[in-house]
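Student: Protein chains in written order, with the numbering used here: chain A, -3 to 253; chain B, -1 to 215; chain C, -1 to 215; chain D, 500 to 740; chain E, 500 to 740.
Everything labelled a hint here was simulated from the structure, so no lab data went into it. All the pointers check out, no bait thrown in.
Keeping only pairs whose Cα atoms sit at most 25 Å apart, straight-line, the calculated BS3-like set for lysine-lysine is:
# : chain 1 : residue 1 : chain 2 : residue 2
1 : A       : K29       : B       : K6
2 : C       : K137      : E       : K595
3 : B       : K35       : B       : K51
4 : A       : K252      : B       : K81
For clarity, every value in this text was computed on a predicted model and none was experimentally measured.
The lines below spell out each chain.
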Amino acid sequence: ACGSEPKSDAAAGSSSSEASGAVTGMDDLPGKKIGVQTGTTGDIYATDYEGDEAGTVVERYNKGVDAVMSLKQGKIDCVIIDNEPAKVFVSENDDLKILDEPFAEEEYAICVDKSNSELKDKINQALTDLKADGTLDEIIGHWIGDSADQKSYESAADADHSNGTLVMATNAEFPPYESLDGENVVGIDADIARAIADKLGMDLRIDNMEFDSIIMAVTSGKADIGVAGMTVTEDRLENVDFTDTYAKAKQVIIVKK
Amino acid sequence: MYIVNGLKNTLIITVFAALLGIALGFVLAIIRSSHDKSDKPGIVLRILNFIAKVYLTVIRGTPVLVQVMIWYFGVFTSPNTVKIMVIILAFGINSGAYVAETVRSGIMSLDIGQTEAGRSLGLNFFQTMTNIIMPQAFKNVLPALGNEFITLLKETSICGYVGMMDLTKAGDIIRSQTYDQMMPLLGVAVIYLVIVMILVWLLGKLERRLRSGERRS
Amino acid sequence: MYIVNGLKNTLIITVFAALLGIALGFVLAIIRSSHDKSDKPGIVLRILNFIAKVYLTVIRGTPVLVQVMIWYFGVFTSPNTVKIMVIILAFGINSGAYVAETVRSGIMSLDIGQTEAGRSLGLNFFQTMTNIIMPQAFKNVLPALGNEFITLLKETSICGYVGMMDLTKAGDIIRSQTYDQMMPLLGVAVIYLVIVMILVWLLGKLERRLRSGERRS
Amino acid sequence: MIAVSDLKKAFGNHVVLDGITTEIRKGEVVVIIGPSGSGKSTFLRSLNLLERPTGGHIYFEGVDITDPKTDINLHRQKMGMVFQQFNLFPHMTVMKNITLAPVKCGKMSQQEADHKALELLERVGLPEKADSYPDMLSGGQKQRVAIARALAMGPDVMLFDEPTSALDPEMVGEVLAIMKELARSGMTMAVVTHEMGFAREVGTRVLFINDGNIQEENTPQEFFSNPKHPRLKEFLSKVLA
Amino acid sequence: MIAVSDLKKAFGNHVVLDGITTEIRKGEVVVIIGPSGSGKSTFLRSLNLLERPTGGHIYFEGVDITDPKTDINLHRQKMGMVFQQFNLFPHMTVMKNITLAPVKCGKMSQQEADHKALELLERVGLPEKADSYPDMLSGGQKQRVAIARALAMGPDVMLFDEPTSALDPEMVGEVLAIMKELARSGMTMAVVTHEMGFAREVGTRVLFINDGNIQEENTPQEFFSNPKHPRLKEFLSKVLA
Ligand SMILES: Nc1ncnc2c1ncn2[C@@H]1O[C@H](COP(=O)(O)OP(=O)(O)OP(=O)(O)O)[C@@H](O)[C@H]1O
Ligand SMILES: Nc1ncnc2c1ncn2[C@@H]1O[C@H](COP(=O)(O)OP(=O)(O)OP(=O)(O)O)[C@@H](O)[C@H]1O
Ligand SMILES: [Mg+2]
Ligand SMILES: [Mg+2]
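Bound-form chain A, shown alone (with noise of 0.2 Å):
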């Protein structure tokens, strides 16, 4: 869920819109109570509206959930979130919308430590193999889309696991990348990281912590990847490494009908 170019450069759409009005775009959005959710890409680029001469307010929720109340309550004008959740939010409240113009498009990338680049180039390597051979987007196909059966990756019966134990630390509250299933954390992110363990011959634990935390797992050794829907940004590239991306998502802006 967390940042890389938006579609439009935020501070240029500025100049137009009447504070009072409803949000119809992203030009609407200064002068405007805007929700977010703490730490997401959307809060990164809501940020660069905070502010500015039009008095834009940026609210950071700590989850998603609670910025959408207050956007049914009309204590805010409109709530910048990932794609997947806002679907399943308007679905199920038929008093919002989603906005057809993205508010942001990101992709999305796994986290390392600085000191582990060892680690990082094999996972490189492994995506690269994993897109080749179609089981990135078969993975993602079984979560997203009109055919999605939420069906997990399963390692191959002669899975090779001889090299240890991959960790990974994730937050599964952010379906369909990773959510729990009784104990199980399942998801595109799991399925991913199972499929790249295989690669390198590992076995693959996943815990599961505050979104907040991870960061701290991976530089302290407690995990080896951070998988959570993770984007990059130069900020977040002086204290940790990240992969190259493994899948693409949009942050979207939902208002009231």
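Chains B, C, D and E with the ligands: place on chain A using the hints.
Tutor: Below, chains B, C, D and E with the ligands without anything else, positioned relative to chain A:
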């Protein structure tokens, strides 16, 4: 700067919620201890005491997060509610429950002779409470109230759930933007620590001043 | 069921952290009150007291979340650490600071005559503490300890940050799966409330039992 | 001045006062004695309703103060009470202790009250302690301040509950001296005490309370030289030993 | 048995005991009197180091107990102490109060201690209170239990600090009776008290402590009939009034 804004909000919320909590807590404590100290409480007192007990149980029994959420999303649903007011209200009401039991223990530990002396001079219940009982109870439980305010200060960190930026939230935002995990966390922790140390120092000064008339034993 | 698992973890963490907190708290309280009650504390006692004061300030001054994070990600960095043990340790150490001040107020409120009677009979410091002072201090501060355990119970909700599923986290997971904002939250709140009510009831029973020898006044 | 009729007080099932009838007339100094736990304090405290009687009536200057409609605060202002444990307010100076009630009850301005307080402190021999806190005083001094505090309201009657029992032996004398002076000035007084000397010297009547009743009532002279009730005889023999 | 040499005690700058030298011999009953705050309690409490002296030495059965190397707990076991405020342990039954120290100090098994406790309760006249809690006892009964508790360790000397000052007048007698009985049985005793009758009757020597020193020391006979120091004369005149 996020930190400056967050700190400002944290302080505003803590101070006003603490004031509200003290006000509520004292009223509740008076009700509860009047009830407990009287042989045969009247019907009004018994009803008030019952209400107070329910309040204490429900408020202390449920997470403050849930309370804040209910106030913000359940009660004050109007789009025009001022968020910080709702948060102050929620935390004040929460804190009031803890303050109440603390103050009650301060009242109960006072000699009943203090009340009797006041009443025997012809002061009414209210005058006795405000002039004689409360100042002493307050002095006695000041350290415990300090605990409560420290807890309150740190508890306000959950207001990120209703989209309010406090100190903790400010740290979270920086963390999420930079993916630098430890520094913002430690920075925020140090700020909390400094506030707590200032608070402890102020409370210590206040306590010493209140105790100035007392014999060292 | 997430809720059942989360509840189990919440209870385990709370109970063991409370036990650890009590143990630590009593030791700290003994150090602090021995220091405060003695005319001329020896050098060892003064050093211990200083350490205790730093501990109390730092632990009470910083958010428990930061403490848990530091223990888990900063100290016990080995991948093999048992998560729940680290969490219990972190919360126990945190709780110990609060318990210490509570118990200290209980010790300080006891008549010095109790210690003197014990010592004058030839009991040593340790025997006097365990047989005479601690049981009475414990009884006196039971209500305040109750407060502390209630706080602890609800504070354990942050252990989601180190990937432990507790009751609150279970609610969050259900919220993320069902996109239902309020119900899981209220459900979790009710469970907390029930636990608190059971705890309050148990503490009330314990208090009555401990007070059985006392005159009603 | 005070008429007590069939006064009853029970704590739960425990009957402490079982129908006491007596009268305290203007100018009298009534001394109340009796074994520990016999209800002396309960009786005295009932007179200004610090204990609510469970039966009977108390008339103060003709008004039935046990009637729930009576404003008891007004009547309490006319009855000064002095406790065994002094019950000074530790968070206030001596001056503030004395002036609090007169000012708060609207009887005097702070100036008037301060003035009166200094006068009273003079009377109890403690003019230099006006700005001290109670914890800095000796027991005897505390009790003298407590007497001054009660007098500040200009009461018509003074109730004393063992005013010297918590005092060091050397200090008993100074408090008794104030009380004697007060009695001589014509103050109506009811005094629970174990100081038989005081009873003999300034008492106008002595009551022996036991088993919830006044078992004997007489002039000090008769009371001590010629006790009639066997329990009183036993009591006097132990206490005067 | 106890020899005190140049004993000094100051609290901060406040010198309370200023070089006291005296001796308590086996079988003696030494009564200590003096004005409030003169240091009587401090002196008595110094004897078993409840107060650490700031100077001088105390020898108990030949051993210098002020020497930091001495194990004071052992010596305290041979000195029973009785306080004004009883200081019974409210969370334990009477029986447990008495047996706690003998058992914990390893002097007796619980059975032996129980047996001894019953014997002692018999001696202080309270065999039926073994299973009561202190709060259910009257003041006189509490103090008798406290005496039994101190005796349970089989002490060589008993120290009493105003054992009857917190008692109701009717109960003073019962505690004094036990103490007299104890004195007659040959127990060495040091007693701070305001009961001049007791001093006269059973004391073998009376000390007057004032201004940090023993200002007068004599047989009861001489002490009361022929006081020499002016402060003692004044004191006796106030207290015996
Ligand atoms: N608030 C109370 N609740 C229950 N019982 C009480 C209460 N106050 C007094 N009593 C009981 O009433 C009886 C009389 O008490 P009271 O204090 O009047 O006696 P007293 O004659 O003043 O004794 P003393 O000489 O010890 O002061 C006692 O048995 C006491 O235990
Ligand atoms: N712990 C203490 N700290 C400071 N001063 C003390 C302490 N204990 C006693 N004192 C002071 O030492 C002096 C002597 O006290 P002590 O209790 O020995 O007197 P006392 O003769 O026993 O008097 P009383 O008859 O009132 O019991 C008093 O002035 C008292 O204030
Ligand atoms: Mg009484
Ligand atoms: Mg003394």
